[in-house]
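Participant: Mapping the sequence shown onto the working numbering, position 99 (from 1) lands on 99, and the numbers just tick up by one.
Hints are not guaranteed to be accurate.
Ranges of calculated distance between the beta carbons of each label pair, as one might list FRET restraints [unchecked claim]:
(1) A214 to T333: 27 to 35 Å
(2) P128 to G96: 35 to 43 Å
(3) E195 to F38: 34 to 42 Å
(4) N23 to Y174: 40 to 48 Å
(5) Y174 to E150: 21 to 29 Å
No farther apart than 25 Å at their CA atoms in a straight line, the calculated lysine-lysine pairs in the BS3-like style are these [unchecked claim]:
(6) K197 to K146
(7) K109 to K148
(8) K148 to K169
(9) K320 to K275
(10) K290 to K275
(11) K172 to K197
(12) K275 to K172
(13) K172 to K148
(14) K224 to K109
(15) K109 to K169
(16) K109 to K146
(17) K197 to K169
Worth flagging that the hints you see were computed from the coordinates, not collected in a lab.
All residues carry an ideal CB built from backbone N, CA and C; glycine is no exception.
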Amino acid sequence: MTEKNKNAATDQDEEQEVKNVHNSEYLVDIQHERLSFFTPAGEVKALNDVSLYVRPGEVLGIVGESGSGKSVTAYSIMGLTAYPGRLIGGDIWFNGHHINDMTENEMRKIRGNEVSIIFQDPMTSLNPVYTIGNQIREVILLHTNKSKKEANDRARELLTLVGINEPDKRLKQYPHELSGGMRQRVMIAIALACEPKLLIADEPTTALDVTIQAQILELIMDLKERLGMAVILITHDLGVVAGTCDRIAVMYAGKVVESGPTDDIFYHPAHEYTKGLLQSIPNLKEQEHKRLVPIEGQPVDMLNPPAGCPFAPRCRSCMKICLGRMPEYTHLTDSHYSACWLLDKKEFDRQGEEKA
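Throw the hints in and build the complete structure from the sequences for me.
Facilitator: Quick look at the structure:
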């Protein structure tokens, strides 16, 4: 082997070593994830350099409008990327597992056991031809060594845990015989069957009325405290995450445009998209009646994403550089950061001088 080849091999080994570095204090550690769907129309770049983390016992809210990549990011942790989607870059770590390197059989051992998910619509997620009891027992028997009787006792215990009355009766019923709120509670019971370390809640309150929404969110937070698990709460509604999450990641067009503690996001938003989301929801504490300010324009075409900031075409403060280059993250505090050229004072001043 020549000296040049040796150096190239050494550089490659070092690159691989850096690539596989995982921060052990994080339960979930996603680094520079890129994921695309290869369709007949072309490559849909669903995730473009997404990095985020979740500590054990922490509640992370992922917010953004439809198509921003919230669910795709969460599903990739469980290896549930639907065809024709494919992970094309970055690293995903969960509970010490390097998800990139795991086979489907290996993933099945941690799904439902170490990480579980509550899907958005319980009516389409539950099997209509099996009783509630059958569906809960199936998960318990698949991931544990319990007998059928022990699994049935555990199923009854889980229904009681999620606040469903008459559990023995409910175990014999079918999904269509339950209300929307009760079906969602059954989904939560199934997700908690093996006491996972991480619970992913994919817009768990979207199909429910306001009263039931509050009950479901309160239930998830109560179970989180009792079981000590971490939660990823996916939603398009900032009001939902306000009183439940420790941190928030704001996504737009397959990128995390801002991330930080909940109070920082609400009281000191840094990205123009985050500010737009906050201005578009009503504030009941305001003394004066104010009109809601919508975010004008249309979401980005993910087949042809812009070279610069994806929010630039809809941003009222857009500068020339925003259209051509994606900004680096600016750290406002140790835990609050945002990708926006307006935060780069040097660049902001230069753009102002050019306009003058």
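Participant: For each hint, tell me whether it holds in the structure or not.
Facilitator: Going down the list of hints, with the structure as the test:
Between A214 and T333 the CB atoms are about 31 Å apart, so this pair conforms to the stated range of 27 to 35 Å. Between P128 and G96 the beta carbons are some 37 Å apart, a value that agrees with the proposed interval 35 to 43 Å. At about 37 Å, the beta-carbon gap between E195 and F38 stays in the expected band of 34 to 42 Å. Between N23 and Y174 the CB atoms are about 45 Å apart, so this pair conforms to the stated range of 40 to 48 Å.
Checked against the hint of 21 to 29 Å, the pair Y174 and E150 passes, with Cβ atoms roughly 24 Å apart. Using a Cα cut-off of 25 Å, the hinted pair K197 and K146 holds, with the two alpha carbons roughly 20 Å apart. A hinted pair counts as satisfied when its Cα atoms are at most 25 Å apart, and K109 with K148 qualifies at roughly 20 Å. The hinted pair formed by K148 and K169 meets the criterion: a straight-line CA distance of about 18 Å does not exceed 25 Å.
For the suggested pair K320 and K275, the alpha carbons sit about 20 Å apart, so the restraint of at most 25 Å is met. At most 25 Å may separate the alpha-carbon atoms for a hinted pair to count; K290 and K275 meet this at roughly 16 Å. The straight-line distance between the Cα atoms of K172 and K197 is roughly 29 Å, outside the 25 Å bound, and the hint therefore fails. Between the alpha carbons of K275 and K172 the distance comes to roughly 48 Å, so the proposed pair goes past 25 Å and is violated.
At most 25 Å may separate the alpha-carbon atoms for a hinted pair to count; K172 and K148 meet this at roughly 15 Å. Restraint check: the Cα-Cα separation between K224 and K109 comes to about 22 Å, which is no more than 25 Å; the hinted pair holds. Proximity of K109 to K169 is assessed by CA-CA distance (about 31 Å); at most 25 Å being required, the pair is judged violated. Straight-line distance between C-alpha atoms of K109 and K146 comes to about 16 Å, which keeps the hinted pair within the 25 Å bound.
Distance check on the hinted pair: K197 and K169 sit about 30 Å apart at the alpha-carbon level, beyond 25 Å; violated.
Hints 11, 12, 15 and 17, counting from the list given before, are not met by this structure.
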